[in-house]
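Trainee: Using the hints, position chain Z against chain C.
2 protein chains.
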Amino acid sequence: MTERPRSGGCVVLLSGGMDSATCLAWARRRFRTVHALTVLYGQRHAREVRSARAIARRFGAARHVVLRLPLGPLLRSSLTDRARPLRRTLSGTGTIPATYVPARNTILLAVALGYAESHDLGTIVLGANAIDYSGYPDCRPEYLRAFQRMARLATKAGVEGRLQLRIAAPLVRKSKSEVVELGDRLGVPWELTWSCYAGGPVPCGRCDACRLRARGFARAGVRDPLRPTD
Amino acid sequence: MTERPRSGGCVVLLSGGMDSATCLAWARRRFRTVHALTVLYGQRHAREVRSARAIARRFGAARHVVLRLPLGPLLRSSLTDRARPLRRTLSGTGTIPATYVPARNTILLAVALGYAESHDLGTIVLGANAIDYSGYPDCRPEYLRAFQRMARLATKAGVEGRLQLRIAAPLVRKSKSEVVELGDRLGVPWELTWSCYAGGPVPCGRCDACRLRARGFARAGVRDPLRPTD
Chain C
0 MTERPRSGGC VVLLSGGMDS ATCLAWARRR FRTVHALTVL YGQRHAREVR
50 SARAIARRFG AARHVVLRLP LGPLLRSSLT DRARPLRRTL SGTGTIPATY
100 VPARNTILLA VALGYAESHD LGTIVLGANA IDYSGYPDCR PEYLRAFQRM
150 ARLATKAGVE GRLQLRIAAP LVRKSKSEVV ELGDRLGVPW ELTWSCYAGG
200 PVPCGRCDAC RLRARGFARA GVRDPLRPTD
Chain Z
0 MTERPRSGGC VVLLSGGMDS ATCLAWARRR FRTVHALTVL YGQRHAREVR
50 SARAIARRFG AARHVVLRLP LGPLLRSSLT DRARPLRRTL SGTGTIPATY
100 VPARNTILLA VALGYAESHD LGTIVLGANA IDYSGYPDCR PEYLRAFQRM
150 ARLATKAGVE GRLQLRIAAP LVRKSKSEVV ELGDRLGVPW ELTWSCYAGG
200 PVPCGRCDAC RLRARGFARA GVRDPLRPTD
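First to last, the protein sequences are chains C and Z. Its first residue numbered 0, the first sequence is counted upward by one per residue in numbering that gives the first Met the number 0. Its first residue numbered 0, the second sequence is counted upward by one per residue in numbering that gives the first Met the number 0.
I should point out that these hints are in silico values taken from the structure, not numbers from a laboratory. The structure presented is a predicted model; accordingly, all values stated were derived computationally and were not measured. Positions of the beta carbon are idealized from the N, C-alpha and C atoms, including for glycine. Each hint should be verified, as a subset may be incorrect.
A few chain C residues that face chain Z, going by a derived Cβ cut-off under 10 Å, partial list only [stated by the list, open to error]:
no.: 1; residue: R67
no.: 2; residue: V100
no.: 3; residue: P101
no.: 4; residue: N104
no.: 5; residue: A111
no.: 6; residue: D137
no.: 7; residue: R144
no.: 8; residue: M149
no.: 9; residue: A153
no.: 10; residue: E159
no.: 11; residue: W189
Here chain C stands alone, though its shape is the one from the complex (with noise of 0.2 Å):
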């Protein structure tokens, strides 16, 4: 989880909202090959595929795959399943916010680890934060080192030394306002990111995500493209 310059290839799990998007632009300065997964696991934000296919273009990623999993019937979560409301209070008071999707990023390394076996790529790239979203167990450090250690002791291309897989995680120890300031630098195109969790044409203004954006903006002292000017 370090950030040393390598030259090989990686896969860059993009929803489309703003952590991942920061995480394409870094990974594009660092790896030789790039390629962008996008995993719809039926969450209500559908509308972030429009924004992870927009910034896989601007970026020139080699390949971007979308992927639908039908998982939201299965998995308990007022992110995939309609009937629960959003509970709109910000994380960092010692619960596990109601937008927590069980095993969400576990199924979406999973994934990623096969794809990126698959296509010789040693590296996934991850906009996980455990500082604004400390409430999601799965955005830590140290699940991140439990997951690696487990991919190298899964994979053909672990076991027999081929590729040394490695779990990036750029953004994990950065506040919001980092993360607006390092995409700032790395030129991404925030008109074309998506954050708000709750699926209507424009951002709600409301939920966790379009809160959590705001203030990283404007402790970044930088404007927000999608903000409308007060």
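Mentor: For chain Z alone, kept in the frame of chain C given last:
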């Protein structure tokens, strides 16, 4: 990965083969609540799903979910790609078989983990076997332990201590003939199980899975009802 009796709930990954059928029979004796989860990941042997449904019905699983994941085009393997020949060599030669599917068990276990947490089931039961299929890295006990460790860090239920998530692989150290002996004792209806990789209307008798099955029955001295009388 011990076999102590417990009273909680579990989900069994049920492919419809003889190993997972034996696991379901085993789980019915040990857990109060038993769910079955069949994941189709684009493999040739979709025929197995009919077997899985019949077996789940026979053992009275509280719920049987069949999930289709369109992973075939993403993963490179002779099991998911019809253009690749099925190599007909028994494993045990120190190489990983061509039927290896990148991250297969990690993807199956990740989905099962999300399901287990969503339904308050503390154990995931898997028919992984490190003896006859020793070529598969994701069937080894050290891999399963690493997954279990990761799973406890990944989940809200694990972090909050509500579920002590456990991966149970009751067959992991059994030979195929020991699996036949155990399944026979537990009343597994072998005629409902399906092993062949080739996807024809009757078992091909030549693929790895058919040959391992035949050897297992022969060594256990049990007649396989699916085998034509010689």
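Trainee: Could you check if V100 (chain C) really has its C-beta closer than 10 Å to a C-beta on chain Z?
Mentor: 7 Å, holds
Trainee: With chain Z as the partner, please determine if A111 (chain C) meets the hint condition of a C-beta pair closer than 10 Å.
Mentor: Holds: closest Cβ of chain Z sits about 9 Å from A111 (chain C), inside 10 Å.
Trainee: Would the hint on E159 (chain C) be counted as holding, given a Cβ-Cβ threshold of 10 Å to chain Z?
Mentor: 7 Å, holds
Trainee: Verify the interface restraint on W189 (chain C): the C-beta must sit less than 10 Å from at least one C-beta of chain Z.
Mentor: 30 Å, violated
Trainee: Can the hint on A153 (chain C) be confirmed by a CB-to-CB distance to chain Z that is less than 10 Å?
Mentor: 5 Å, holds
Trainee: May I ask you to test the interface hint for N104 (chain C) with respect to chain Z, counting a Cβ-Cβ separation under 10 Å as satisfied?
Mentor: 7 Å, holds
Trainee: Hold the hint about D137 (chain C) up to the distance rule: shortest CB distance to chain Z must be less than 10 Å.
Mentor: The hint holds - D137 (chain C) has a Cβ within 10 Å of chain Z, the shortest such distance being about 5 Å.
Trainee: Can you verify the interface hint for R67 (chain C): is its Cβ closer than 10 Å to any Cβ in chain Z?
Mentor: Holds, about 7 Å.
Trainee: Holds or violated: the hint that R144 (chain C) contacts chain Z, with Cβ atoms closer than 10 Å.
Mentor: 9 Å, holds
Trainee: Hint P101 (chain C) vs chain Z: min CB-CB distance below 10 Å?
Mentor: 4 Å, holds
Trainee: Just to be careful: measuring from the Cβ of M149 (chain C) to every Cβ in chain Z, is the smallest value less than 10 Å?
Mentor: Holds, because the Cβ-Cβ distance from M149 (chain C) to chain Z comes to roughly 4 Å (cut-off 10 Å).
In summary, the structure is inconsistent with hint 11 from the numbered list given earlier, while agreeing with all the others.
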